[in-house]
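Protein chains: 2
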Amino acid sequence: MFEAAELGRTVSKKTYAEKEPILRTALLEAQQRLRKLPFPVIIIVSGVEGAGKGEVVNELNRWFDTRGVQTHAFWDESDEELERPKFWRFWRKLPPKSTIGIMFGSWYTESIIERVFRNLSRAEFESELDRICEFERLLSNDGALIVKFWFHMTKKTQQKRLKQDRKNGKPSPLLKVFSKNYARFRSVSELAIRATDTGFSPWHIIESEDRRYRNLAVGETLLSAIRRRLDAPNPTVPLSQPDDSLVTDIPEASATLLDKLDLTPELSRSDYEDRLSAAQNRLRTLAWQAYKAQINTVCVFEGWDAAGKGGAIRRITGAIDARLYRVISIAAPTEEEQAQHYLWRFWRQLPRAGYCTIYDRSWYGRVLVERVEGFSAHHEWSRAYAEINDFEQQLTDTGTVLLKFWLHISPEKQLQRFEERKRTPWKQHKITDEDWRNRDRWDQYKHAVNDMVARTSTSYAPWVLVPANDKWFARVHVVETCCDQLEAALE
Amino acid sequence: MFEAAELGRTVSKKTYAEKEPILRTALLEAQQRLRKLPFPVIIIVSGVEGAGKGEVVNELNRWFDTRGVQTHAFWDESDEELERPKFWRFWRKLPPKSTIGIMFGSWYTESIIERVFRNLSRAEFESELDRICEFERLLSNDGALIVKFWFHMTKKTQQKRLKQDRKNGKPSPLLKVFSKNYARFRSVSELAIRATDTGFSPWHIIESEDRRYRNLAVGETLLSAIRRRLDAPNPTVPLSQPDDSLVTDIPEASATLLDKLDLTPELSRSDYEDRLSAAQNRLRTLAWQAYKAQINTVCVFEGWDAAGKGGAIRRITGAIDARLYRVISIAAPTEEEQAQHYLWRFWRQLPRAGYCTIYDRSWYGRVLVERVEGFSAHHEWSRAYAEINDFEQQLTDTGTVLLKFWLHISPEKQLQRFEERKRTPWKQHKITDEDWRNRDRWDQYKHAVNDMVARTSTSYAPWVLVPANDKWFARVHVVETCCDQLEAALE
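Chains A and B are the protein sequences, given in the same order. First residue of the first sequence: 941, per this note's numbering; consecutive thereafter. First residue of the second sequence: 941, per this note's numbering; consecutive thereafter.
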């Protein structure tokens, strides 16, 4: 999830100097209009320690007319607060209608911290998140517009901030604690965001390495969220359509995960042959060990047309005993499948304990081809992310090793392979008009892939983005990853 | 919650013989229409052991055309099923579009049983319920109509069934185990129903002491649920409005909790004075003990006009030190309160640790006066039950003693008191045109009170229905109940 907010987005001084005054004026205008409408705006500021949440709060207070804006910081609870149910402190600070409330630290803070330090069990934490969802649903049902920001930065940058702080003689004790527990904090936060990223109260993850990018991204996200409500036919009724993107991208510095993937890795013929045959031998043994240990494996292959999915799959199946795997090629659903929920046909093919199922294309069709080609309505594909995450969690909760590969090539490489196919008689069947049509929508697909990775790359089922301009490198990378993951599961 | 399904509803042989053929024909007709529409109907059959779930399943199969109906019983998991994620067994049995699936035992069964025998912690159980909600949401979003039945019977009747079974020489081992754990099963089930009673997938609790009532109630509920979808402008889109009543009531044998409350209890003057002064002395001491133990108390008073709420409250406040309590009379909200969620004004008045707040009328106005008078829209008051349950759970989770009194009188007694007030100069101010207007809506209020009790009488915050035709009895009953509850909390 957070990978998509580690792309090094920046905004230049010049751009910032141009954009910031326009943004500011627009925010003030929006605030003026809000004054006449009976709903509050609740802004939640949370995220990684050291990402500049305090600076953002100051910036927001500078941008808005402070009449009609309240900022509340939630740190230590007062004795007054401790003597009442936990949410009392939030109820008392809720902004009234027509005003803006900035929540610096919020109903998320305590639960996340308690979970990081294991004072809450996983199930208790999920119960807390459930209560938070109910609270936000209640506010939203009552008309509140909730805008939730998560400020993200990498461990490396956090360490750098820590060093800077020390140099400046103002080491923050919180920052120190959190940077020690960065990985744990990251995985707990991921769960929290996933469980509470709802249509009525979506999250916006802001890449925060660059201050100017961060501020601009916050301002523009906020502006568009408020405006969308103000411009709705009935502004007091909450809109329940989630944003397309979990991770905020602004035109000034847009980037996708695919743009940042290094496509240069390649292997020589002899390296390829050596490493492939070593990896396949490993995989052969591991597959039998998994069978004995009753561990299921599910491999998912997605990627551009002509990225080499089939070739990679054959390198896996070439290694595993034929009794142990099945390859499911996903084409149009059967009549029987069409009479069911779209996930039904994947559930029915799940492997028994010890076996392996390889999906050549998968349930991700819902958020890729069906989204881009308009085969699914917005409300259908947008809720699919959560449905998929839940499905995959059920798989991994029962011990399944789940591997998800996206095979990535450049558009130039695709063109080259298409033309090769046209020229080679036994490959001509592989290329259809549809492939050319898909190619025209490259940018839309790229956007959809980015959202897919941001929303469904989870700690329990991360995406593996495979540079596949060089087929040899891609195949070896896939087989070796399978080995590594199986090995880890067997330990 | 279950109190409202223990009212002894019955249907006579004659009525059943008249109604059943009509119902059957109508169900068949509905099934015919379903055949042409692309959504499935999922019927969940669950509830207390011995309530006749098997008989209901047989009856449904007799009523419907069995082509297009599948019945699935979920008992022991097969080895096939154990080797895959838990929900796999349900996915494989889902009915395709245009057909009906009867689920005998379901995704609820295992979690409830595991929780009854404490193999799941409270938080783990809540996580499971959450997963169930997500599963039903997914099905419903895809068009499925889910009709969930919970068959309820009292412990007494269950014991009777057990004896009968023994006599007939076919003692059911399950029935024996469950009747031993009746109370625990009841409280676990209550939580499960409350957490999963959603707009898209509501529960129907069926009183099951009388077979004919039970069957007729099931058939009619099912018929109206299917018809509502079939008659909707767009039948493939799930309706998200919950039913008004959690506990099913059919015209053939309608009953409310208030109808069944015995209003005859009364006290003589001397008994009243003795018991009241004893109870007040107890309460005085207990209030100080609660203060020392830092236990909060919240008392809620609701009831008919002229039922004697004020008098009962004064008997409490007369006993407690004035520093320890506050009485909040709920009138129209202030301007400040109107700019917030309707629960906000109750949150802000919550007592500090050790203190007591008495609400003269309360948050229940939302589902009583606001519902009946139409001050709130259907979607507002219908979601208030869940909001209130959650609010009260937060109170009791933090150790608050929460007491909810409904003071009940007969319409005749109310008339008598109204006229008395008119005649007594210092009481005339107490009676307004509004009181007479409310009186005209007695039946609507009675219905609303019944729903309120069914949906918000929980194990952690049960309603106390007080027979108040005799003021003396009502006051003593209220003060003594306060004492008992405080004493229990102090132990």
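One should not assume that every hint holds.
All copies of an identical chain are treated as equivalent in the list; a pair is satisfied when it fits inside any one copy or across any two copies.
Stated by the list, open to error - Calculated pairs, SDA-like style, for lysine to any residue (alpha carbon to alpha carbon, straight line, at most 25 Å):
id: 1; residue 1: Lys-1033; residue 2: Tyr-1282
id: 2; residue 1: Lys-1026; residue 2: Leu-1131
id: 3; residue 1: Lys-1037; residue 2: Gly-1314
id: 4; residue 1: Lys-1353; residue 2: Gly-1250
id: 5; residue 1: Lys-1120; residue 2: Val-1312
No lab work stands behind these hints, which were simulated from the structure alone.
Verification of the supplied hints:
{"no.": "1", "hint": "Lys-1033 / Tyr-1282", "verdict": "between (43 Å within a copy, 15 Å between copies)"}
{"no.": "2", "hint": "Lys-1026 / Leu-1131", "verdict": "both (21 Å within a copy, 21 Å between copies)"}
{"no.": "3", "hint": "Lys-1037 / Gly-1314", "verdict": "between (38 Å within a copy, 23 Å between copies)"}
{"no.": "4", "hint": "Lys-1353 / Gly-1250", "verdict": "within (17 Å within a copy, 83 Å between copies)"}
{"no.": "5", "hint": "Lys-1120 / Val-1312", "verdict": "neither (42 Å within a copy, 57 Å between copies)"}
Taken one by one, the earlier hints fail for this structure only at number 5.
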